[in-house]
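Enquirer: Fit chain B with the ligand to the given chain A structure using the hints.
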Amino acid sequence: MAEKRKYLPLASTKHLEKMMTRHYALSRYHRLWGKPLKRPLAWITSGAPVELLRAFNIHPVYPENYGAICGTRRVSAKLCQVAEAAGYSQDLCSYARTHIGSILRPDLAPMGGLPKPPDLLVCCNNICGTVLKWYEALARIFQVPLLVLDTPYLPARLTDHTKEYVLAQFEQMVVDLERLTGRRLNRRELAEQLARSSQAIALWKEIREFCKTSPSPLNAPDLFIHMAPIVTLRGTQQAVDYYRRLKEEVNRRVRQRQGAVDGEKIRLVWDNIAIWYRIFGFFKMFSERGACFVTDTYSGGWVMELPSGDPLESMAITYTEIFLNRSPDFRAEQMINLIKEYNADGFVMHSNRSCKPYSLIQEVIRRRVTRETGVPGLVVEADMADERVYAEEPIRNRVQAFLETVGGI
Amino acid sequence: MARYFLGVDIGSLTTKVVLVNKNGDMVARATGRSGYSGRNVANRLSNGLLEEKKLAPKDIAAAVATGYGRVTFPADREVSEITCQAKGIAHLFAGAGTVIDIGGQDSKVIRLLPGGKVIDFAMNDKCAAGTGRFLEVMAAALELEIQELGPLAARAREHCAISSFCTVFAESEVISHVSAGAPKADIVAGVCDSVAARVASMTSRTGLEPEVVFTGGVARNSGVVNALAKQLGCRLSVPEEPEITAALGAALFARDNAD
Ligand code: SF4
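Chains A and B, in that order, are what the protein sequence lines are. Just so you know, we're using UniProt numbering here: the first sequence kicks off at 1 and counts up by one. Just so you know, we're using UniProt numbering here: the second sequence kicks off at 1 and counts up by one.
No lab work stands behind these hints, which were simulated from the structure alone. These numbers come from a predicted model, not from an experiment. Heads up, a few of these hints could be off.
Claimed, not checked - Here are the simulated distance ranges between beta carbons:
no.: 1; chain 1: A; residue 1: 374; chain 2: B; residue 2: 158; range: 44 to 50 Å
no.: 2; chain 1: A; residue 1: 172; chain 2: B; residue 2: 230; range: 57 to 63 Å
no.: 3; chain 1: B; residue 1: 148; chain 2: A; residue 2: 393; range: 28 to 34 Å
no.: 4; chain 1: A; residue 1: 363; chain 2: B; residue 2: 230; range: 21 to 27 Å
no.: 5; chain 1: B; residue 1: 257; chain 2: A; residue 2: 9; range: 34 to 40 Å
no.: 6; chain 1: B; residue 1: 229; chain 2: A; residue 2: 156; range: 29 to 35 Å
no.: 7; chain 1: B; residue 1: 207; chain 2: A; residue 2: 108; range: 43 to 49 Å
no.: 8; chain 1: B; residue 1: 179; chain 2: A; residue 2: 90; range: 31 to 37 Å
no.: 9; chain 1: B; residue 1: 207; chain 2: A; residue 2: 309; range: 54 to 60 Å
Stated by the list, open to error - Under the rule of at most 27 Å between Cα atoms (straight-line distance), these lysine-lysine pairs were calculated in the DSSO-like manner:
no.: 10; chain 1: A; residue 1: 133; chain 2: A; residue 2: 163
no.: 11; chain 1: A; residue 1: 212; chain 2: A; residue 2: 340
no.: 12; chain 1: A; residue 1: 247; chain 2: A; residue 2: 340
no.: 13; chain 1: A; residue 1: 14; chain 2: A; residue 2: 247
no.: 14; chain 1: A; residue 1: 78; chain 2: A; residue 2: 284
no.: 15; chain 1: A; residue 1: 340; chain 2: B; residue 2: 117
no.: 16; chain 1: A; residue 1: 265; chain 2: A; residue 2: 284
no.: 17; chain 1: B; residue 1: 58; chain 2: A; residue 2: 265
no.: 18; chain 1: B; residue 1: 117; chain 2: A; residue 2: 284
Ideal Cβ placement from N, Cα and C applies to all residues, glycine included.
Next up, chain B with everything else stripped away, as it sits in the complex:
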């Protein structure tokens, strides 16, 4: 008997898959780089989940796809990542009023009601400012691994100012701070402030209602989490696995759909 529901989120940088049971509990998840074919990656990851749980394809009652690659995946239906993100977060945080999501190539602010209904959203996806991509470029300019940014930012004495939103211009600002002899930690803190500032300005369009949940891969970066909490003047909740919440929402839609 088919008892499980699959959610697939094919993002611009990473693909995430989540399996839930009929109670909506997450039983397995996996992530991988989307690469050239997010669809193939999604297939490989979901087959891996089946193996891990010793399940057969027929055990999956329904699948929902989301993310940029959503139309390429043969799911029962596709739902936008904004709707899925809200669904996933409402499931994990019953009191959530706002989701701030910073992914690889876009960032968004979603206002939601209990139960996950979206009431408004704002999105930045035309340029890399305020996204994971921006952090990757800056980390590369500083010869750092992306995971090193958070701990390093915590050691900053002074925050360097990175005023340009444009990734290319900001990179040259970073380089001029380097050549001026600024400590790496101070530059990294400035980079985190810059991402936070860009996203914080989006909240003025949607409004900010607690509880505020921060999702997406960038939510693992404690430097950005702290900078954002400071700029917004509120506490941020971060899910244990902040990059898979939209995939979780998709899986929950698959379950609702099958009801």
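Here chain A stands alone, though its shape is the one from the complex:
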């Protein structure tokens, strides 16, 4: 029977909020300091090589992260409608629709939308093909340069040929950025950016690995909230400092055997982007029955270790090998390993209407994972930001049946 279980908040959250508010406030007033400090503003995709941009003193902001914020504040559906009325298809990713809606109707958008106009757009198709068309639309709206990094899909391992192809584009991107910013690439600065990125990534990895203990010190909503700096502030000292603090707090929980979910009974793995508009409500259906999401493929996607060696080559490898750019076999093996390493009893896949590359092959992965681990998997249909697609009762029904299957009744 469902019991009341408390949610245990992290003390670090308030530092996170301060840091993210500061980042967005700074970005918002970019027009005041950007020109005098010669720091152009770039809108970039989540899988873009931000370290290179930072080495050119470019200030990056992330429309996808903005989409997640709008989702959490439950204004996405309205902004999506604005984009749909302007002719964008309802089948387009809801981050794209939300962002385009926020450009068309800043009065409806949190913080009035992202600072605009951007000085340039940087798009890497390692996460999906959608971003290409989305950023082309942005380039048309603002008439600003668009830099594209094309990372071919990896059906198996990264080949030398692919690596060279991507590396050549990195070299061209350096030329383009030198022209656009009027600066030469400072290789030392780039190496430092990469070193700081690596530090933050290593900390994020260690924090996540603490969740192998039982009870797990973190649950999925914690992972989703505290991933913000690894996405948006990767390469900064702030991000490194923040993850040091978080690591300490999580480590303390482990030492005190403090679980994120009171009386953890069931350990689960999450697949796909968070359901932002129900970030707590959705997971409560699980936590009130003692089920904790101890790890996930989504926020874990930023544990992308940068190999040492030539910085451009290192980035070419890392950014091409992002998990969304890889085969169903790779994804299935990743899930199988997570289940084993984290000692999970089941997994839940969010079939996300928006994100086709993430969702389309889930059924194939689900069957293989269950076959090889004996652990059951549930698919729930929803959308990360557009809550018009979310049907609470059918989802609750499936979740309950699934937990009865995993944990017994």
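Expert: Here is chain B with the ligand on its own, set in the frame of chain A:
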């Protein structure tokens, strides 16, 4: 002494109640339209059972509720209908490996182990395709009673193709077959094929293990039973009263719980 156990299944269209004794034998059952308040209907039905069996409320040792309205009913506990369905079917068919359930507003495929433990399930509940609701709409478009569909489908010479899964689009397909002069029997057979196709495709997600038991109100429709058996290429067992098996499972959980 309390000796009986109550199972209540408040579904989107109908409510079912079942009473079992301490051996797990079904001693009484009743069904009714859920209407506006499934909870009231469930109360009325279970009071009726008590009267029929000359029992008092204190004779009921425990109650378990399932179905969409399960949280509204003051039972000792609530269990999802998937778990209850598997429990009920494992009780009636010891060798059951798969349950296909087509109810009013959803359809599901459940894979289970002997004893009723669920190993996987797939559910369609976001649209009316492949559900009882779909059949009701099509019957109305053809001015037929729902019970007439099965016998009529058996008389079909050719099966009309209904290709759309969407209830609204399928209804206009039916209407265009009518205006093209197709015999009602052929259209009905096509409608049954369409429901079966939708559900059969769900079995590819869960796998299909014999014995396959078909439950839910739609299992009374011989047109769908035959179409489904043909598409799956296997025999289907249908319980005598296919709509009450989840309520039976709930009653059995009430009994286990009290042990
Ligand atoms: S389609 Fe998926 S990967 Fe692409 S932008 Fe949308 S959410 Fe991100």
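Enquirer: Checking against the hints above, which ones are violated?
Expert: As far as the earlier hints go, 6, 9, 17 are violated by this structure, in ascending order.
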